[in-house]
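Undergrad: If you want the building blocks of each chain, they are given just below.
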Amino acid sequence: MNNYYIKRILSAIFTLFIIGTLTFFMMKLMPGGPFARERPLAPEILAQLEEKYHLNDPIWKQYIDYMIGMIKFDFGYSYRELGVSVTEQIILKFPVSLRLGALATLFVIVIGIPIGIVSALKQNTWVDQLAMFIATIGVTIPGFVVATLYVSIFAGSLQWVDATDLDHWSSYIGPVLALSFYSLSFVSRLTRSSMLEILRQDYMRTARANGLSKVRVLYKHALKNALIPVVTYLGPMFAAVITGSFVIEKVFSLGGIGRYYVDSVGNRDYTMIMGVTMFYAAIYIVMVLLVDIAYSWIDPRIRLGKKQGD
Amino acid sequence: MRDFNFVDKSKKLDKEQIRESLTYWKDAWRRLKANKLSMIGLVGVIFIMLFGIVGPFITPYTYYEQQDELRLSPPTMKVYQITDEYYVFLNNDYKLLLISEDGHIIRRLDLQIQDFVNKIYYYEYEGDLVAIDYHYRVYEPDGDIDYTVTYLDNTVEQPTKTVWNKTFLLGSDHVGRDVLARLMYGARISLTVAFIAALVNLFIGVTYGSVSGFRGGAVDEVMMRIVDIINSIPLMIYVILLMVLLNKSNIWTIILTLGSVYWVGMARLVRGQIISLKNQEFVLAARVIGVSQGKIISRHLIPNALGPILVSLTMMIPTAIFTEAFLSFIGIGISAPQASWGTMANEAISMLQTQPYLLVLPSLAIGLTVLSFNFLGDGLRAALDPRLRQG
Numbered sequence: 001m002n003n004y005y006i007k008r009i010l011s012a013i014f015t016l017f018i019i020g021t022l023t024f025f026m027m028k029l030m031p032g033g034p035f036a037r038e039r040p041l042a043p044e045i046l047a048q049l050e051e052k053y054h055l056n057d058p059i060w061k062q063y064i065d066y067m068i069g070m071i072k073f074d075f076g077y078s079y080r081e082l083g084v085s086v087t088e089q090i091i092l093k094f095p096v097s098l099r100l101g102a103l104a105t106l107f108v109i110v111i112g113i114p115i116g117i118v119s120a121l122k123q124n125t126w127v128d129q130l131a132m133f134i135a136t137i138g139v140t141i142p143g144f145v146v147a148t149l150y151v152s153i154f155a156g157s158l159q160w161v162d163a164t165d166l167d168h169w170s171s172y173i174g175p176v177l178a179l180s181f182y183s184l185s186f187v188s189r190l191t192r193s194s195m196l197e198i199l200r201q202d203y204m205r206t207a208r209a210n211g212l213s214k215v216r217v218l219y220k221h222a223l224k225n226a227l228i229p230v231v232t233y234l235g236p237m238f239a240a241v242i243t244g245s246f247v248i249e250k251v252f253s254l255g256g257i258g259r260y261y262v263d264s265v266g267n268r269d270y271t272m273i274m275g276v277t278m279f280y281a282a283i284y285i286v287m288v289l290l291v292d293i294a295y296s297w298i299d300p301r302i303r304l305g306k307k308q309g310d
Numbered sequence: 311m312r313d314f315n316f317v318d319k320s321k322k323l324d325k326e327q328i329r330e331s332l333t334y335w336k337d338a339w340r341r342l343k344a345n346k347l348s349m350i351g352l353v354g355v356i357f358i359m360l361f362g363i364v365g366p367f368i369t370p371y372t373y374y375e376q377q378d379e380l381r382l383s384p385p386t387m388k389v390y391q392i393t394d395e396y397y398v399f400l401n402n403d404y405k406l407l408l409i410s411e412d413g414h415i416i417r418r419l420d421l422q423i424q425d426f427v428n429k430i431y432y433y434e435y436e437g438d439l440v441a442i443d444y445h446y447r448v449y450e451p452d453g454d455i456d457y458t459v460t461y462l463d464n465t466v467e468q469p470t471k472t473v474w475n476k477t478f479l480l481g482s483d484h485v486g487r488d489v490l491a492r493l494m495y496g497a498r499i500s501l502t503v504a505f506i507a508a509l510v511n512l513f514i515g516v517t518y519g520s521v522s523g524f525r526g527g528a529v530d531e532v533m534m535r536i537v538d539i540i541n542s543i544p545l546m547i548y549v550i551l552l553m554v555l556l557n558k559s560n561i562w563t564i565i566l567t568l569g570s571v572y573w574v575g576m577a578r579l580v581r582g583q584i585i586s587l588k589n590q591e592f593v594l595a596a597r598v599i600g601v602s603q604g605k606i607i608s609r610h611l612i613p614n615a616l617g618p619i620l621v622s623l624t625m626m627i628p629t630a631i632f633t634e635a636f637l638s639f640i641g642i643g644i645s646a647p648q649a650s651w652g653t654m655a656n657e658a659i660s661m662l663q664t665q666p667y668l669l670v671l672p673s674l675a676i677g678l679t680v681l682s683f684n685f686l687g688d689g690l691r692a693a694l695d696p697r698l699r700q701g
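Line order of the protein sequences matches chains P and H.
Under the numbering used here, the first sequence has 269 at position 269, and the numbering climbs by one with no breaks.
Under the numbering used here, the second sequence has 329 at position 19, and the numbering climbs by one with no breaks.
Hints in this document: simulated from the structure, not taken from any laboratory.
Watch out, some of these pointers could steer you wrong.
[Unchecked claim] A few chain H residues that face chain P, going by a derived Cβ cut-off under 10 Å, partial list only:
1. L551
2. N557
3. F632
[Stated by the list, open to error] Derived coverage of chain P by chain H (criterion: at least 3 residues anywhere in the stretch with Cβ under 8 Å from a Cβ of chain H; other residues may be distant):
4. 15 to 22
5. 147 to 154
6. 240 to 254
7. 272 to 283
All values reported here derive from a predicted model rather than from experimental measurement.
C-beta atoms are modelled at their ideal positions from N, C-alpha and C, and glycine is treated no differently.
So here's chain H without its partners, still in its complex pose:
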């Protein structure tokens, strides 16, 4: 036996300190992956995109189809058993719904007699009457009993169980539209508005900023004065004014409005980047070999400023989503029956006390979407900022 053995070649290679050379983007992606919050944001963004893009194809409902019979059914229902297989649920609109064992809504029962004196409503089911005694609600609002259900001399005082609404997974609204389907279409609208508006901003902002930064001198001075003035105007007010001026509320006017107002930040950023880059040697070299000014900007300067531009673009998207929801919420954005989260929240506000889910669901959707994009944007900012690069 020898004291020394030859080392296996593959093992030898293993020991050598070889690291794959990392490009800027690879390195950024590596650091983005390490950031937990931004990965949560990324997952959220992907989920919302799937929700908006694929969702409407899967759901059996559309955003406009109204089933007035089945309106205002909440996502979870406290049901009362009346026969072996069927249950009933009284919604806040005093419509009685026939519910199956597992939570499917079979149909609405017709109201036969309204006894206002004793506060009892009678509904017809299979030739007999279902009596709903709701005087407890009126006279003893804090009591244990909400209302009682009597069918064939059998009185049920307490809900038999709570079931998940299987017909409308997230409930139905005041005209019987499926909330889930509307949320999906709302995601589609929000994302469309946000992405196109962000691209418009990108285009205007980058063009304006790079011309201003590259030209310098008097051109720069005038262009930046204009930016200063726009910057000193409360933008939300101008967005509202422009929407009024355009006098039409649809997705395109919102995109036009957002695109024409919010490019200022991008222009400033790009100008700053261009100014810091334009005197470097590689630009001089390009000039020496006769590259045109437009090409220098588009091929040499902008690609080098892409990191900050991308971050600003990601941050633009939640702003656009928020603004669209806001405009729709105050009634000058997307109008019904089109489903935007803001429109849905706006419609729900008057029914807040009785149907809170109609308001909470779109609000949560807006909140979570904006949160996801912001987490992702924060992560990107950290990943792409060369000053924060630490191994």
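The following block holds chain P by itself, in its conformation from the complex:
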């Protein structure tokens, strides 16, 4: 039984290792080297820089150093800004993205799941149709389109909100809405379809026939089962919204890690790109791992899956 957990954790570590190796060699393959500028640097300066960043070491030694650094959460120093450590930058800027992501996730849970439940219970009424129409649009329109339209309408034409910085609670509305609109729509659709599936099950009728009240059947039997797929979606979603806010942060000019990542991509700041990539990948993989473990705990069929086949 514990085998499953050990296997999952080991495979997560292995995946991270692969990603680290890939990113390292991708960095080495980058054309032009990290110090290629429009105006070439003097050879002496270049030599000193390479010395400073240990770029003269044999490649296997660089690789081992990099991997050891990664384990210690040390991604080295920026190639562009002198003396700026990637880890410090991540620690400094991540809270903004985390806060936005957490708010967006909360928003999805508080609004998306109830919409799905109501839609399922009022199937084919106008409430259901309206909610599902909006949700269909929501899962298809990209987040940055939502963000730009929001800014142009509410900050541009109507001048209701200030579209930049997070100094007032109202300035959170736009970013959180844009960040969560897709997931909100997806979750309400998912909740609805899974709820409908459960409501059709025989044991629902049995429970009612046994004299349980409608409310009790709904909460005790339907909801608990219907939310299993939703819960599994929420984990990766949380990882996706805290790592996927590049554009939202750019549109609303917020100082989070996403905007920082995009900037360092623009600057070709290789250590920064690699560091943030690893950080993102780690968050994502850990979230998926946690959800898998939680899932196997909620639904024992998963962890015992292999034995059923025997």
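Knowing the structure of chain P, use the given hints to seat chain H on it.
TA: Leaving out everything else, chain H in the frame of chain P:
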């Protein structure tokens, strides 16, 4: 008169219950037609294709031609009448444009005197000065008057009318390029990227998936482990990294990047289909008469899995369009002067407060295109899924 008549032969045939036998595809098309949303999607897709393919041939403008004189003219203009036949329009850049009755931009009027103290600009028209008093904008931003136009002692305080911009139907951007023409070229780029990337995905995914599924055993195990690993990486991050690695932003690097990353879903799907099909009798029969493995896959297995593959392909297209727009938007995709919707939105972001149409139009184009393809894909999924077949 007889009680009974002979029935006309043609009428008799009419009564018999004959239904044309429906093939899988005919049946799917019949059900697709019945689905309103997906027909809307189909119409949208056809419209966007025409817009991108035919549009650039019709429009008199190109995506790169810059008419700096006439930059930043919005799609609709509030014009002030100065003579019997001519109107003027002051854009947000304080350039005064001479507009004809029906909304054609004649030319830009030259700025002669800038009176910063009284906030009045003087422009030259036919030897006389047109005075634009814009102090209202500065001192009474909430007042009724935006600015006044004085020409030959005649002052106009309110816009005479609102006209549609006939010179640039959807306005011109910050260097005087026609937005409509750029949107058309943008559609062309988006569709090219999406279709080629989807085909690359189709090719890699189908090959990989069918080999993995057909071979089974250790080969399958290793191939699927690789897929699992790729699947556990946030793909958008890898797309960005690959774009940085390739160090060139053009349409081909985007296609290469998208093609090399997003085939995983297709591979899984095809593998599943192949596994469910490969033990059926018709495959055994083919084997017995000595058909080679490659032929069994390409002639017998894949055609039978075509429905789900097609659905996945349709769903791949909006993903590709979205990713291209996204990459261009963050500045590592298609670069200017090439017109991609993402690039256009990116350029417009800094002018959001003054020229919202520059941002709204490409955003709407992206949104509507993705929406159309998704509606169509949803409809196809429902039409091709045998489980959902109900008369």
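Undergrad: Please go over all the hints and tell whether each is borne out by the structure.
TA: We went through each hint and held it up to the structure:
Evaluation of the L551(H) hint against chain P yields a held restraint, the C-beta minimum of about 6 Å falling below 10 Å. With 10 Å as the threshold, the beta carbon of N557(H) comes within range of chain P, its nearest partner Cβ sitting at about 5 Å, so the hint holds. About 5 Å separates the beta-carbon of F632(H) from the nearest beta-carbon of chain P, less than 10 Å, and the hint is met. Residues of the region 15 to 22 of chain P lying with their CB closer than 8 Å to a CB of chain H number 3, which satisfies the three-residue condition for coverage.
As drawn, the region 147 to 154 of chain P meets chain H at 4 residues by the rule of a beta-carbon pair under 8 Å; at three or more, the given contact holds. Requiring three or more residues with a Cβ within less than 8 Å of a Cβ of chain H, the coverage given for the region 240 to 254 of chain P holds, as 7 such residues are present. Interface restraint, the region 272 to 283 of chain P with chain H: holds (4 residues with C-beta to C-beta distance below 8 Å; minimum three).
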